[in-house]
Structures are given as structure tokens and as C-alpha cells.
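There are 6 protein chains.
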Amino acid sequence: MKISGRNRLKGEVKEVVLGDVMAKVVLQVGDNRITSVITREAAEEMEIKEGKEITALIKATEVMLTEE
Amino acid sequence: MKISGRNRLKGEVKEVVLGDVMAKVVLQVGDNRITSVITREAAEEMEIKEGKEITALIKATEVMLTEE
Amino acid sequence: MKISGRNRLKGEVKEVVLGDVMAKVVLQVGDNRITSVITREAAEEMEIKEGKEITALIKATEVMLTEE
Amino acid sequence: MKISGRNRLKGEVKEVVLGDVMAKVVLQVGDNRITSVITREAAEEMEIKEGKEITALIKATEVMLTEE
Amino acid sequence: MKISGRNRLKGEVKEVVLGDVMAKVVLQVGDNRITSVITREAAEEMEIKEGKEITALIKATEVMLTEE
Amino acid sequence: MKISGRNRLKGEVKEVVLGDVMAKVVLQVGDNRITSVITREAAEEMEIKEGKEITALIKATEVMLTEE
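Chains as they are written, first to last, in the numbering used here: chain P, 1 to 68; chain B, 1 to 68; chain R, 1 to 68; chain L, 1 to 68; chain Z, 1 to 68; chain U, 1 to 68.
The set of hints was computed from the structure by calculation and includes no laboratory data.
Computed from a prediction, not measured in an experiment: that's the story for all the values here.
Some clues are possibly wrong.
Taking lysine-lysine and the BS3-like style, the derived pairs with C-alpha atoms no more than 25 Å apart in a straight line are [unchecked claim]: (1) Lys-2(P) / Lys-52(R); (2) Lys-2(L) / Lys-10(Z); (3) Lys-52(R) / Lys-2(R); (4) Lys-10(P) / Lys-2(R); (5) Lys-2(U) / Lys-52(U); (6) Lys-49(R) / Lys-52(P); (7) Lys-2(U) / Lys-2(B); (8) Lys-49(R) / Lys-14(R); (9) Lys-14(P) / Lys-52(P); (10) Lys-2(L) / Lys-52(L); (11) Lys-14(L) / Lys-2(R); (12) Lys-49(P) / Lys-2(R); (13) Lys-14(R) / Lys-14(L).
Incomplete in silico selection of chain Z near chain R, CB under 8 Å [unchecked claim]: (14) Ser-4; (15) Val-16; (16) Leu-18; (17) Asp-20; (18) Val-21; (19) Gly-30.
For each residue, glycine too, the CB sits at the ideal point set by N, CA and C.
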């Protein structure tokens with residue numbers, strides 16, 4: 001499937017925290033940890049849990065750059 | 001420096017395209033390519049060019065998840 | 001394909017403006033016009049042109065509400 | 001009132017979930033459902049409830065495009 | 001007009017750069033400079049030019065925090 | 001430290017609300033109040049509390065403009 005979003009990072013779910021409206025999902029992507037905040041509804045619908053393989057999708061306009 | 005942004009991905013600049021207002025910067029981060037769109041002003045101020053080490057900074061609320 | 005993004009709006013491309021780095025794409029979705037700004041690279045890779053059927057994808061955290 | 005945000009979708013509130021910090025609001029806009037996540041404070045201040053007419057406001061840079 | 005966006009900063013336009021698709025607008029807000037990138041179409045429709053009074057509108061989920 | 005994000009607003013924390021996943025932080029910046037929503041994890045890690053000096057960081061592409 002083609003998508004305009006330039007950044008797709010495959011990873012494995014390491015942590016899920018379900019809140020009342022939002023959910024936090026942490027992925028391992030290579031040597032990096034990626035944290036995503038989505039709706040709880042989406043997390044449940046996608047049956048996100050530890051060990052699941054999933055892809056982070058990020059629009060290029062959302063990526064800042066920093067020296068550090 | 002502490003920052004609320006959860007995602008910091010260190011990489012090396014592979015491509016820079018300077019437009020009239022915006023600039024596209026592509027990084028190599030581990031096995032992934034990360035594309036960022038920032039202002040041309042920021043790209044010039046930070047002297048971003050191929051080979052430079054730089055960090056992508058992404059707010060957790062900007063990260064979608066997708067099966068695929 | 002399951003995706004966390006809550007908003008998927010099917011439409012037809014009505015206008016494309018290719019800039020140096022970014023591209024503007026206007027869709028007709030029911031009675032509404034939806035404007036998207038993506039990278040020129042994405043617009044070319046997806047071969048976006050007038051008449052093409054395409055889906056706008058929007059994260060719920062990006063949607064403001066206004067009385068008007 | 002003029003606003004730079006290109007996308008304004010009028011709809012009717014179908015569901016509200018108030019969380020501790022955030023709130024989820026679902027609108028019916030034509031044949032589509034639009035989900036918005038705003039602060040609980042904003043939802044209370046705007047007295048958002050089922051049946052209310054309201055407008056979703058989305059910046060063009062926040063709209064991805066996908067084939068599907 | 002009520003709006004869910006929590007941050008409205010009144011200022012005066014100090015600089016406008018019109019690009020092919022996007023436009024950069026710099027405001028003076030108290031002691032701070034605020035830079036906004038919107039579509040060129042919006043900048044033209046709103047007749048944004050130096051000296052104009054205008055309000056920056058920012059969703060709370062878009063604001064990072066940093067020590068420094 | 002150089003950063004591509006064009007908007008850095010120094011302020012003082014006036015209110016913190018810790019939710020299950022997200023946290024709301026309100027700053028005083030000159031005559032304006034700025035509201036930020038970040039992860040609870042970030043708020044705890046940064047030890048954000050009333051009176052702390054902190055900087056809001058906002059990407060230019062996230063700033064809408066409105067007449068009002």
C-alpha cells in the first residue's frame with residue numbers, strides 16, 4: 001500500500017499503557033525505543049500487546065532536527 | 001538537556017533539498033531512512049549538509065501505528 | 001490493513017500543485033474539500049493527479065474543534 | 001472569521017468520552033465519522049455533548065494521503 | 001468564537017516569505033518571535049503582510065517542553 | 001544547542017495535571033498562558049511542577065494563523 005507518510009519504522013511492542021482516552025505504546029526499532037501515543041480505542045482495535053510486530057508511521061513535517 | 005519529546009533518533013544526513021520556504025533532510029538511522037521537513041531557515045542556520053551527525057526529535061503524539 | 005489513525009476520508013483528487021519540496025493536493029470528499037500538504041517526493045511516488053481516488057488519513061490528536 | 005487552517009468540516013457530535021486530561025469527541029460529517037482528541041478542559045469549556053453542531057478544523061500539513 | 005485550541009497568541013506580522021506552495025510568516029508576540037508555516041493560498045486569502053495584527057493558534061498537543 | 005524548531009518560549013509553570021497517560025502543563029509566558037500536553041512519563045522525568053522555569057518548543061508547521 002502506498003502512503004505519503006515518509007517514515008515507516010518496523011518494530012516490536014515492548015510496553016503498552018492503556019489510559020481512559022489515550023494509550024502509550026513503546027516499540028523497539030533497531031537500537032532505538034519509539035514511543036507512540038494513540039487513542040485507547042485504536043490500541044484495542046489493533047490488539048496491541050507486548051511482542052506484537054508493528055510499524056510506526058510518521059509524517060515528515062512532524063520531525064524536528066536537533067544537534068546534541 | 002531534558003526534553004519532553006520521547007523520540008530522539010541519532011543519524012547521519014544523507015540528502016538535503018533546499019526549497020524556497022521549506023527544506024527536506026534525509027537521515028540514515030540504523031537500518032532506517034528518516035525524512036524530515038523543516039524550514040529552509042533552520043536548515044541554513046544549523047548548516048545541515050551530507051555527512052553531518054544529527055538527531056531527529058519526534059513528539060509521541062505524532063506517531064501513528066500500522067500493521068503491515 | 002489496520003491503522004491507528006482514526007480518520008480516513010475517501011475522495012477524488014481535484015487539484016495538485018507541485019512545489020520544490022512540498023506539494024498541495026486538494027480532494028473532494030462528499031460535500032467537503034480537503035487540502036493536504038505532503039512532500040513532492042510522495043506526490044510523485046504515488047502518481048497523484050486529478051481524478052485519482054485517494055484517502056486522506058488524519059490522526060485524531062490533529063483535529064481541533066471550533067464553534068463557527 | 002478567516003483562518004489559515006484549510007480544512008473545516010461541519011458535523012454533529014455523536015459521542016464524547018471525558019478522560020482525566022484528554023477527551024475524545026466523535027462527529028458525523030456527511031457519510032464520515034471524524035474523531036478528535038482535545039483537552040478535557042476544552043471539551044468542558046465548549047460544552048460539547050451529543051447532538052451539538054460543531055466544526056472540525058485541521059491544518060493541511062497534518063493530512064497524509066494513502067491508496068486503499 | 002470558542003475553539004478547542006488552547007493557545008492563541010496575538011501579534012503583529014514582521015516578515016512574510018511566499019514560496020510556491022508554503023509561506024513563512026513571522027509574528028512579534030510580546031518579547032517573542034513566533035514563526036508559522038502555512039499554505040501560500042492561506043497567506044494570500046488572509047492578505048497577510050507586515051504590520052497586520054494576527055493571532056497564532058496552536059493545539060496543546062503540539063507543544064513540547066524543554067529545559068534550557 | 002541548535003534545534004530546527006523555530007519557536008522557543010521561556011516561561012514558568014503555573015499548573016500541572018497528571019493523568020494516567022498524558023499530563024497537562026500550563027506556563028506563563030509574558031502576558032500569555034501556554035498549555036502543553038505531554039506524556040505523564042515526560043512530566044515526571046522532567047520533574048515539572050509549579051514555579052519551575054521551562055521552555056515551550058513548537059515546530060513552525062504546527063502554528064495556524066487566525067483573524068479574531
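These are the hints, each one checked on the structure:
1. Lys-2(P) / Lys-52(R): holds (13 Å)
2. Lys-2(L) / Lys-10(Z): Holds. Lys-2(L) to Lys-10(Z) sits at ~15 Å (cutoff 25 Å).
3. Lys-52(R) / Lys-2(R): Given pair Lys-52(R), Lys-2(R) holds - Cα atoms ~23 Å apart, limit 25 Å.
4. Lys-10(P) / Lys-2(R): holds (15 Å)
5. Lys-2(U) / Lys-52(U): At roughly 23 Å apart (the allowed maximum being 25 Å), Lys-52(U) and Lys-2(U) satisfy the hint.
6. Lys-49(R) / Lys-52(P): Violated, at about 37 Å.
7. Lys-2(U) / Lys-2(B): At roughly 14 Å apart (the allowed maximum being 25 Å), Lys-2(B) and Lys-2(U) satisfy the hint.
8. Lys-49(R) / Lys-14(R): holds (8 Å)
9. Lys-14(P) / Lys-52(P): holds (8 Å)
10. Lys-2(L) / Lys-52(L): Between Lys-2(L) and Lys-52(L) the Cα gap is close to 23 Å, so the pair holds against 25 Å.
11. Lys-14(L) / Lys-2(R): holds (23 Å)
12. Lys-49(P) / Lys-2(R): holds (15 Å)
13. Lys-14(R) / Lys-14(L): The hint is violated at about 30 Å.
14. Ser-4: holds (4 Å)
15. Val-16: violated (17 Å)
16. Leu-18: At about 11 Å, which exceeds the 8 Å cut-off, the nearest Cβ of chain R leaves the hint on Leu-18(Z) violated.
17. Asp-20: holds (4 Å)
18. Val-21: With Cβ-Cβ at 3 Å, under 8 Å, it holds.
19. Gly-30: violated (23 Å)
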